[in-house]
Amino acid sequence: GQSLEQPSEVTAVEGAIVQINCTYQTSGFYGLSWYQQHDGGAPTFLSYNALDGLEETGRFSSFLSRSDSYGYLLLQELQMKDSASYFCAVPSGGYQKVTFGTGTKLQVIP
Amino acid sequence: DTAVSQTPKYLVTQMGNDKSIKCEQNLGHDTMYWYKQDSKKFLKIMFSYNNKELIINETVPNRFSPKSPDKAHLNLHINSLELGDSAVYFCASSRENNEQFFGPGTRLTVL
Chain C
1 GQSLEQPSEV
11 TAVEGAIVQI
21 NCTYQTSGFY
31 GLSWYQQHDG
41 GAPTFLSYNA
51 LDGLEETGRF
61 SSFLSRSDSY
71 GYLLLQELQM
81 KDSASYFCAV
91 PSGGYQKVTF
101 GTGTKLQVIP
Chain W
1 DTAVSQTPKY
11 LVTQMGNDKS
21 IKCEQNLGHD
31 TMYWYKQDSK
41 KFLKIMFSYN
51 NKELIINETV
61 PNRFSPKSPD
71 KAHLNLHINS
81 LELGDSAVYF
91 CASSRENNEQ
101 FFGPGTRLTV
111 L
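So the sequences go chain by chain: C and W.
With the first letter of the first sequence counted as 1, position 98 gets the number 98 in this note's numbering; the numbers rise by one all the way through.
With the first letter of the second sequence counted as 1, position 107 gets the number 107 in this note's numbering; the numbers rise by one all the way through.
Only chain C is shown next, with the shape it has when bound in the complex (with noise of 0.2 Å):
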């Protein structure tokens, strides 16, 4: 089966940065995604890394080693917008099943 840890909880100062972390087992493995959900919203798509390394996009990147079996999201320059609920998640099952993480609340703070 799939399992993916995450932080349940993290705070950080608006302006700072702050770094999410998954770590995960799988039976395969295509690649880490990771989605923002806000308090009453849809999860929304941030990135995907299927190989090694730091991909950037904006203020928000993600990284990810597959021979350690971990991934992080890292937010840079904090906004109070960002205070919001972060999953990581890896598709299997021949790319029909998505499996995700336990979620961590990132509460920004003035």
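By construction, these hints were calculated from the structure, which means they are not laboratory data.
Note that the Cβ used here is the ideal one computed from N, Cα and C, for glycine as well.
Be aware that a few hints might be false.
Listed below are several chain C residues computed to face chain W (Cβ distance under 7 Å; list not exhaustive) [to be verified]:
#1 Phe-29
#2 Gly-31
#3 Ser-33
#4 Ala-42
#5 Phe-45
#6 Arg-59
#7 Pro-91
#8 Gln-96
#9 Phe-100
#10 Gly-103
For lysine-lysine, the following DSSO-like pairs were computed, each having C-alpha atoms within a straight-line distance of at most 27 Å [as the list claims (entries may be wrong)]:
#11 W/Lys-41 <-> W/Lys-9
#12 C/Lys-105 <-> C/Lys-81
#13 C/Lys-81 <-> W/Lys-40
#14 W/Lys-52 <-> W/Lys-9
#15 W/Lys-19 <-> W/Lys-36
#16 W/Lys-9 <-> W/Lys-44
#17 W/Lys-9 <-> C/Lys-81
#18 W/Lys-19 <-> W/Lys-41
#19 W/Lys-19 <-> W/Lys-44
#20 W/Lys-71 <-> W/Lys-19
#21 W/Lys-9 <-> W/Lys-19
#22 W/Lys-52 <-> W/Lys-40
#23 C/Lys-81 <-> W/Lys-41
#24 W/Lys-44 <-> C/Lys-97
#25 C/Lys-105 <-> W/Lys-36
#26 C/Lys-105 <-> W/Lys-40
#27 W/Lys-71 <-> C/Lys-97
#28 W/Lys-19 <-> C/Lys-97
#29 C/Lys-81 <-> W/Lys-36
#30 W/Lys-52 <-> W/Lys-71
#31 W/Lys-52 <-> W/Lys-36
#32 W/Lys-67 <-> W/Lys-9
#33 W/Lys-22 <-> C/Lys-97
#34 W/Lys-44 <-> C/Lys-81
#35 W/Lys-52 <-> C/Lys-97
#36 C/Lys-97 <-> W/Lys-41
#37 W/Lys-44 <-> C/Lys-105
#38 C/Lys-105 <-> W/Lys-9
#39 W/Lys-40 <-> C/Lys-97
#40 W/Lys-22 <-> W/Lys-52
Since the structure of chain C is provided, determine the placement of chain W on it from the hints.
Structure of chain W alone, referenced to chain C:
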């Protein structure tokens, strides 16, 4: 212009009732999904359909019956609702499942 839409947004009903949630996507995707998100925000896949065919059924009670009349629609019917069915149900679609597009969710409350 909504990419993935669901109706209704809120559903409040009594235990034992039967209810349906509808989902439509206008993205031309081949694969559609139903997810359940519980009160602890854990997001779990229930069903996956590809071109109207059921691909994944994640040990969901058979009170839940999905139906895909065409590849743009995936509906969810729930029989004999139980208290534990209270959750937010999300429909999603994807072309390749590294990027999923989610509907706004249906908040189901069973009393």
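Evaluated hints:
{"no.": "1", "hint": "Phe-29", "verdict": "12 Å, violated"}
{"no.": "2", "hint": "Gly-31", "verdict": "6 Å, holds"}
{"no.": "3", "hint": "Ser-33", "verdict": "5 Å, holds"}
{"no.": "4", "hint": "Ala-42", "verdict": "4 Å, holds"}
{"no.": "5", "hint": "Phe-45", "verdict": "5 Å, holds"}
{"no.": "6", "hint": "Arg-59", "verdict": "19 Å, violated"}
{"no.": "7", "hint": "Pro-91", "verdict": "5 Å, holds"}
{"no.": "8", "hint": "Gln-96", "verdict": "4 Å, holds"}
{"no.": "9", "hint": "Phe-100", "verdict": "4 Å, holds"}
{"no.": "10", "hint": "Gly-103", "verdict": "5 Å, holds"}
{"no.": "11", "hint": "W/Lys-41 <-> W/Lys-9", "verdict": "17 Å, holds"}
{"no.": "12", "hint": "C/Lys-105 <-> C/Lys-81", "verdict": "13 Å, holds"}
{"no.": "13", "hint": "C/Lys-81 <-> W/Lys-40", "verdict": "21 Å, holds"}
{"no.": "14", "hint": "W/Lys-52 <-> W/Lys-9", "verdict": "24 Å, holds"}
{"no.": "15", "hint": "W/Lys-19 <-> W/Lys-36", "verdict": "15 Å, holds"}
{"no.": "16", "hint": "W/Lys-9 <-> W/Lys-44", "verdict": "19 Å, holds"}
{"no.": "17", "hint": "W/Lys-9 <-> C/Lys-81", "verdict": "24 Å, holds"}
{"no.": "18", "hint": "W/Lys-19 <-> W/Lys-41", "verdict": "22 Å, holds"}
{"no.": "19", "hint": "W/Lys-19 <-> W/Lys-44", "verdict": "20 Å, holds"}
{"no.": "20", "hint": "W/Lys-71 <-> W/Lys-19", "verdict": "22 Å, holds"}
{"no.": "21", "hint": "W/Lys-9 <-> W/Lys-19", "verdict": "13 Å, holds"}
{"no.": "22", "hint": "W/Lys-52 <-> W/Lys-40", "verdict": "31 Å, violated"}
{"no.": "23", "hint": "C/Lys-81 <-> W/Lys-41", "verdict": "19 Å, holds"}
{"no.": "24", "hint": "W/Lys-44 <-> C/Lys-97", "verdict": "10 Å, holds"}
{"no.": "25", "hint": "C/Lys-105 <-> W/Lys-36", "verdict": "18 Å, holds"}
{"no.": "26", "hint": "C/Lys-105 <-> W/Lys-40", "verdict": "11 Å, holds"}
{"no.": "27", "hint": "W/Lys-71 <-> C/Lys-97", "verdict": "17 Å, holds"}
{"no.": "28", "hint": "W/Lys-19 <-> C/Lys-97", "verdict": "25 Å, holds"}
{"no.": "29", "hint": "C/Lys-81 <-> W/Lys-36", "verdict": "25 Å, holds"}
{"no.": "30", "hint": "W/Lys-52 <-> W/Lys-71", "verdict": "5 Å, holds"}
{"no.": "31", "hint": "W/Lys-52 <-> W/Lys-36", "verdict": "20 Å, holds"}
{"no.": "32", "hint": "W/Lys-67 <-> W/Lys-9", "verdict": "19 Å, holds"}
{"no.": "33", "hint": "W/Lys-22 <-> C/Lys-97", "verdict": "21 Å, holds"}
{"no.": "34", "hint": "W/Lys-44 <-> C/Lys-81", "verdict": "25 Å, holds"}
{"no.": "35", "hint": "W/Lys-52 <-> C/Lys-97", "verdict": "15 Å, holds"}
{"no.": "36", "hint": "C/Lys-97 <-> W/Lys-41", "verdict": "19 Å, holds"}
{"no.": "37", "hint": "W/Lys-44 <-> C/Lys-105", "verdict": "17 Å, holds"}
{"no.": "38", "hint": "C/Lys-105 <-> W/Lys-9", "verdict": "24 Å, holds"}
{"no.": "39", "hint": "W/Lys-40 <-> C/Lys-97", "verdict": "21 Å, holds"}
{"no.": "40", "hint": "W/Lys-22 <-> W/Lys-52", "verdict": "15 Å, holds"}
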